[in-house]
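A.B. asks: Each chain is listed here by its residues.
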Amino acid sequence: MHRRTLLRGLGTAVALPFLESMARPVFAAGKTYPKRMAFVYTPNGANMAKWTLDDTLAPLVPHQKDLSIISGLNHKNAFGLADGGGDHARASATYLTGVHPKKSASEIHTGISVDQLAANKIGDKTRLPSLELSCDRGQEAGSCDSGYSCAYQFNISWRSPSQPMNPEIEPKLVFERLFAAGSDGESQEARERRAESDQSVLDFVLGQAKTLETKLGATDKRKLDEYFTAIRDVERRIKMNGTMPPPVPDGAVGDFNADYSFERHMRLMFDLITLSFQTDTTRIATFLVSHDGGNRPYPFAGVPQGHHHISHHRNQPESLAKLATIDKWHVTQFAYFLEKMKSVQEGEGTLLDNSMILYGAGISDPDAHSHDNLPTVLAGRGGGSITPGRQIKADSVPMTNLFVSLLDRMEAPVESFGDSTGKFEAIA
Amino acid sequence: MRVLIFLLAAVSAFGQQPLLKKYCYGCHGNGAKAGGVALDGEIDKSTWETVIHHVSTHEMPPENVKLQPTAAERDSITDWIAGQIYKYDPKHPDPGRVTMRRLNRSEYNNTIRDLIGIDFHPADDFPADNSGYGFDDIGDVLSLPPLLMEKYLAAANTILNKAIATEAVPSKTVRYKANLMEVGFNADGDRGDGWMPLTALEEDELAMRVPFAGGDYTIRVQAFNRARGANAEPTILTCMVDDTIVTDWKITAVEASPGVYEARIGIPEGRHRISVLNHRIRGGKNELQMRNGRIGAQQPGTIWVKWVELEGPVKGATKSPNFTVPKEGDYLLRATAYAQQAGPDPAKMEFRIDGTAVTSFDVLAPADMKALPGQQVFSTELLKAQPRVYELKTHLTPGEKHFTAEFTNPFSDPANTNPNLRVRQLHVDHLEVVGIDEPSPIPAMPEPVRRLMTKKPNARAVLADFAHRAWRRPVTSAEIDQLMTLYKADAPFETAIKQPMKAVLVSPYFLFRGEPNRPDAIQPISDIALASRLSYFLWSSMPDDELLGLAEKGTLRNNLDAQVKRMLASPKAQALVENFAGQWLEIRNLKFIAPDKTLYPDFDESLREAMRKETEMFFSSIMLEDRSVVDFVNADYTFVNERLAKHYGIPDVTGPEFRKVSLEGTPRRGVLTQASVLTLTSNPTRTSPVKRGKWVLEDLLGTPPPPPPPDVPALKDDPKHATGTLRQQMEQHRANPVCASCHARMDPIGFGLENFDGIGAYRSKEGTFPIDASGKLTSGESFQGASELSNILATSKRDQFVRCLTEKMMIYALGRGLEYYDRAATDQIMAAAARNNYKFSSLVLGVIKSSPFEQRHGETE
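Residue numbers (the numbering used here), protein chains in the order written: chain A, 1 to 428; chain B, 1 to 861.
These are computed hints drawn from the structure, not numbers from a lab.
Mixed in with the good hints there might be a few duds.
[Stated by the list, open to error] Only pairs whose alpha carbons sit at most 20 Å apart, straight line, appear in this in silico EDC-like list of lysine to aspartate or glutamate:
no.	chain 1	residue 1	chain 2	residue 2
1	B	565	B	602
2	A	215	A	225
3	B	393	B	368
4	B	172	B	438
5	B	488	A	83
6	A	215	B	479
7	B	45	A	170
8	A	125	B	362
9	A	172	B	362
10	B	591	A	225
11	B	694	B	625
12	B	370	B	150
Only a predicted model underlies this, so the values are computations on that prediction, with no experimental measurement involved.
With the rest of the complex left out, here is chain A (with noise of 0.2 Å):
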């Protein structure tokens, strides 16, 4: 008989259980501990005008000495530029790469985003150099957003201008995925043994793939160029779990069934993203919560309307106050997470002082389909590069800035990045 339940989340009041069992030490004593960053994207912009701590953002306000809130940013690039239609794709599309993305259902073209630029530099530290989620698994039918792939809505996470970093959906096996699991309760010879067999079937078929190159057009090479960036990527991930292994855990994430919960799948994903944190398996992290132009009902949040109807508020007060309700429970779950990184020690500070995380949306008014001065609170102290606490008025200031900084504190630096014009050095 299938009756109504809820999945139930990793640990309640208690700090992440399986933790308690852990095989080693993750940092030792002493050690300076690694910065981290990660990137949250909440879609339909914000009603801009509750955007306070007194308002929309009352849940941070227990965090506000961890956090800055800043105004002023924009992305000009995810503006229409004569391509018409199409701002939500556009929005989601240029949120880390500050690019302008092609207009088209099937070519796929925008930037690298910028947790897949800090990945290149510094995720062979770790055994995943990168996590993406999402809540979204993504659209199993129909056309997107006016002409564009679906893929710039699905995907924020950018590994190069035409590959999305898909994002992994199922808690579950996120989980698995932290802890290299294979099957239910694999041993770890049998984990050394199926890790050899993988790295001498991916030299194998490395070897077919160039053999099969030759016999290829330019767009067909094109696109096996992506098997043998995955082939490589994951030999490398091979390597590392031999000399990193990962922590046992103790414990498993159930399924979920036929009644879901939107606020346990987004805390779930917070746990997740703190303890791949926490036990150093990445120090970047992007999650999409739901994807720009979505139309998911908030019935749990008391408005049964879509978000992306209720959206497009046309300045009516009560449209205006539902949007603010949807953005204010978002934000909740935001506290939640702010609250799981700050309960993990790390040395004389938590987690989240040596991390940056960044949470917004990619528009500003939804009715306007508005990209400048987007909602944006950036929060933790970047291992002491960040000064949070305040609110940070830029003057129209692409985001891209922003990201500039980021990166020089992730020691992944660079010139420029997207449309920047600069740095934002007014978090330090």
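On the provided structure of chain A, position chain B as indicated by the hints.
C.D. replies: Chain B in isolation, oriented as in the chain A frame:
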């Protein structure tokens, strides 16, 4: 007709430019440059393409301009432009080129099912496929992130270990903490020390959904009982595997010293849900008890659980009811059964070995029930049968044995006022025998792998056969040599062969479909490549031996008609229903819709499921009966089960099975009025005439409306300010001519469907306002309601519909978007279909025989 115009045009090429001059130069020529476009100057290819698009979709000239070209003139303009930029020759169309594409998730699952013979869907864990043009098999869009490569490796490993088991599945023990398991809806949480309470009010349960190797398992639970009342009976903790009760325990332990309760249960191969719960006591007189909409007697106590442990598969061999006992030993006889009751005695089931009774059970597990008049059941799920496993342990001597479970006391009481108590009937679902002392067997190989293994110990032969089928083409001797380098002969055969087989499954030749390139030539694709295109089009899976065999002999093209007929009739063609229909009609998105529960309390999961099934069966019927595709828009029949029939108001349909019904006398015709489409095209709190109009324009007529301009004002949703029906409110907004130009195309269609609410149920009023379902299309046809609209689609819009369907089918079959030069192919397919009464198979054959499907255009390297 169009060819004629084109030829005229070719003869007097200069004669075409006056059309552009006449209709366009006002804003786009003679010095005018609206939107930066001057059609009498230097124009690049992409701008010409935009012109073609705007002219053919009527976006240009704008609706408010009086001077508009005729339909024929529009065609001349676009043909002329195409001639300029593509050197478009309808007699020798460019077949285009498809980028090499990887198997998508559905194709991967099906290919593994057909190649290896196991149907466990490894790709369900893969990340979502990016889609383009509405379909998820577009070569250019399908990418291969490193995450996916990890998954391919892991999947190959799991698949081969399942397919070629070399030893009995080793037993392992996994303990699940109660506070990490799935919990009941209203259960109180973890009180902090890991103990979870289960009360019987809502039958609280703890559950895990886990994959299992088939066999017997020992389940253990640490629990104690907090009884209510001094002399209370011990509370019973029930254990279920999916929907069947497998065992239960009387929990007597108290909080001061919790107990560990153990039982041996059988779990079949696959992913199953194991739960322990505080079940209401069912059966016998308890079936007549109902409280809070729940059936059965509520147990008074609360059971507290800290963990659930599963050990297994344990030693023992599961057998069928006709079995052989090799040597004397202990056996478990099991029957899964439930019964309908009548009269004073319970239904009795007798276990017999070779006809001799060994024990008898009172079967109280309930069968499907009907709700009594006035009875409000919490959920229809509670009325379903609740089978239970009945078990006997017995000692048997060697020999062949035959185990049966017999019903010994039929009875009927037809006059009983309660319909659930009129006939005593036993249902036995499943019989099995477990030899407890026998060693656990090695799981059998699936059929395709078994056939492969007949060639052992010749590793070369096995690999040659496997790679041949997996790579969908003959394999060279050199390639087999290479594979053999992965074969380490010092290990046992079954173990060693897996390594090269794993390489076969991760090879680009398995994961990608493509054809070798010949620069800049147009040529037919090889028979081998054609076989793959065919099978992935119609089956979303690899070619079978028959198809591949014909291709290798070079006789596939001569047998195309017969093969396509065979393929459409095969059960594998269900993939066309799920994947093509699912994306063309967008019903795959049904799983994401969330109608507002207060406005649509009738909507539940079984209705969602029924909606999807109806449309799938409908598509299937047109495919299998080879009906005219025009039936899609105006067929006078559909498929319903009781749930859906009730939703539609169709009488006399009982039971969960689907059956064909006539729509005569109802306002519904064709796919447009099916609940699936109507719900998909609604908002959570109301219908959306705009979305419905857009769906028809996009998916049935192939003329999608242009995207909305920025700053589009949304419709007021507040019922307090409603002035009339939704239609009346929207009329007010369409008073704005800027909006009206596009909405005049979409809204009338949606208004024609306003008699169907946000979940597709019929209504004649919207609140207190009567619904006006009349409309007029921009092309002039007027209609009153949905069936007249469907009729227009089937008659005056028929060609447009067929063209739209043809184009969508081509995109799906080719794996690329359509370019201008594909128009000739589309025209030919439509002409052939018209000659064959628009039969489904003629469309399919037309696509398959078309130049884009059959040929390709090479490119520079």
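A.B. asks: Each hint: holds or not?
C.D. replies: Checked hints:
1. 565/B - 602/B: Violated, at about 42 Å.
2. 215/A - 225/A: Since the Cα atoms of residue 215/A and residue 225/A sit roughly 14 Å apart, the hinted pair holds (cutoff 20 Å).
3. 393/B - 368/B: Roughly 29 Å separates the two Cα atoms, so the pair is violated.
4. 172/B - 438/B: Holds - the C-alpha atoms of residue 438/B and residue 172/B are around 19 Å apart, at most 20 Å.
5. 488/B - 83/A: Not OK: residue 488/B and residue 83/A at ~58 Å, beyond 20 Å, violated.
6. 215/A - 479/B: This hinted pair holds, its Cα atoms lying about 16 Å apart.
7. 45/B - 170/A: violated (44 Å)
8. 125/A - 362/B: The hint is violated at about 65 Å.
9. 172/A - 362/B: violated (42 Å)
10. 591/B - 225/A: violated (35 Å)
11. 694/B - 625/B: At roughly 30 Å apart (the allowed maximum being 20 Å), residue 625/B and residue 694/B break the hint.
12. 370/B - 150/B: Answer violated: residue 370/B to residue 150/B is near 50 Å, above 20 Å.
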